[in-house]
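J.: Put together the whole structure using the sequences plus the hints.
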Amino acid sequence: MQEPDPSVHDHLSRADLDGAPFPEAERALLRFVETITRHAYRVTDEQVESLRQVGWADEQLAECVYIAALFAFFNRVADAFGLADPNYFASPPPRGGEPSGE
Amino acid sequence: MMARIRWIPEDEAGGEIADAYSAWKAANPGRPKIPGILKCFSLRPDFFRDVVGFSERLQFSEGHLTRRQKEMIATYVSALNQCPY
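Just so you know, the protein sequences line up as chains A and B, in that order.
With the numbering used here, the residue at position 63 of the first sequence is 63, and numbering never jumps.
With the numbering used here, the residue at position 76 of the second sequence is 1076, and numbering never jumps.
What the hints contain is simulated information worked out from the structure, not anything from laboratory work.
There's no promise every hint is true.
As the list claims (entries may be wrong) - Covered by chain B, according to a simulated footprint, are these stretches of chain A (three or more residues, beta-carbon under 8 Å):
(1) 23-35
(2) 61-68
(3) 71-84
Claimed, not checked - With the Cβ distance kept under 7 Å, some of the chain B side facing chain A (calculated, not the full set):
(4) A1003
(5) R1004
(6) C1040
(7) S1055
(8) L1058
(9) G1063
(10) H1064
(11) L1065
(12) I1073
(13) A1074
(14) Y1076
(15) S1078
(16) A1079
(17) L1080
(18) N1081
Every residue, glycine too, gets a C-beta built ideally from N, C-alpha and C.
T.: Below, the structure written as structure tokens:
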């Protein structure tokens, strides 16, 4: 795993995938996340196969789908209830570094 | 912070939701308040517990993706969902 760059979170918070410095495989995974989030019906066999080609296992792809869908769920609940604070979720901002097992 | 659909504030919680709030606080000692997104489930204390359990298991348990990767995905989804296109 590369040394996490604190700017990754900033880029992702602005939905700026192109500017974020991370490995190509993670960029491809986030493009998958983007497809799921914007229009999941457009996910194709080819996209999934290309993710396998850059090293993702189906177990990882499945988890990625679950997380993307979970946050779509939270985002929709927050919007419908009218939560103004964008930090409404319990997840603390990444501070860089792989989390120590907790 | 309030929401346009009613939720139960911590200081008005009784019964089942009070128990659920207490359990969440006991499990999250560093966090003094119940996050708004979770209070959205307070009218169904059983859902509140399910949502907390499900989301924590998905995000924080040892899985196939690292926690950092899961946080990246979550951050990106939230950014996309707030982004008009």
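J.: Now look at each hint and say whether the structure bears it out.
T.: Each hint, compared with the structure:
1. Counting residues of the region 23-35 of chain A whose CB lies closer than 8 Å to any CB of chain B gives 5, so the stated coverage by that chain holds, three being the minimum.
2. Only when three residues or more bring their CB closer than 8 Å to a CB of chain B does the claim for the region 61-68 of chain A stand; here the count is 6, and the claim holds.
3. Evaluation of the coverage hint for the region 71-84 of chain A: fulfilled, as 13 residues show C-beta separations to chain B shorter than 8 Å, against a requirement of three.
4. A hinted interface residue such as B:A1003 counts as satisfied when its beta carbon comes closer than 7 Å to some beta carbon of chain A; here the least separation is about 4 Å, so the hint holds.
5. Look at B:R1004: its Cβ gets to within about 4 Å of chain A, closer than 7 Å, so that hint holds up.
6. For B:C1040, the interface hint holds, since its Cβ comes within 7 Å of a Cβ in chain A; the closest pair sits about 5 Å apart.
7. Of the supplied interface hints, the one on B:S1055 holds, with its beta-carbon coming within about 6 Å of a beta-carbon of chain A, less than 7 Å.
8. The interface hint given for B:L1058 holds, since its Cβ lies 6 Å from the closest Cβ of chain A, which is under the 7 Å cut-off.
9. Evaluation of the B:G1063 hint against chain A yields a held restraint, the C-beta minimum of about 5 Å falling below 7 Å.
10. Annotation: interface hint on B:H1064 holds; nearest CB of chain A at approximately 4 Å, less than 7 Å.
11. For B:L1065, the interface hint holds, the least distance from its beta-carbon to any beta-carbon of chain A being 5 Å, beneath 7 Å.
12. Proximity of B:I1073 to chain A holds as hinted, the smallest CB-CB distance being about 5 Å (cut-off 7 Å).
13. About 5 Å separates the beta-carbon of B:A1074 from the nearest beta-carbon of chain A, less than 7 Å, and the hint is met.
14. The criterion of a C-beta within 7 Å of any C-beta in chain A is met by B:Y1076, whose closest approach is roughly 5 Å, and the hint holds.
15. A cut of 7 Å between beta carbons decides the hint on B:S1078: the least distance to chain A is about 6 Å, and the hint holds.
16. The closest approach between the C-beta of B:A1079 and any C-beta of chain A is roughly 4 Å, which is under the 7 Å cut-off, so the hint is satisfied.
17. Below 7 Å, beta-carbon pairs count as interface contacts, and B:L1080 has one with chain A at about 5 Å; its hint therefore holds.
18. This hint holds: B:N1081 has a C-beta 4 Å from the nearest C-beta of chain A, less than the 7 Å allowed.
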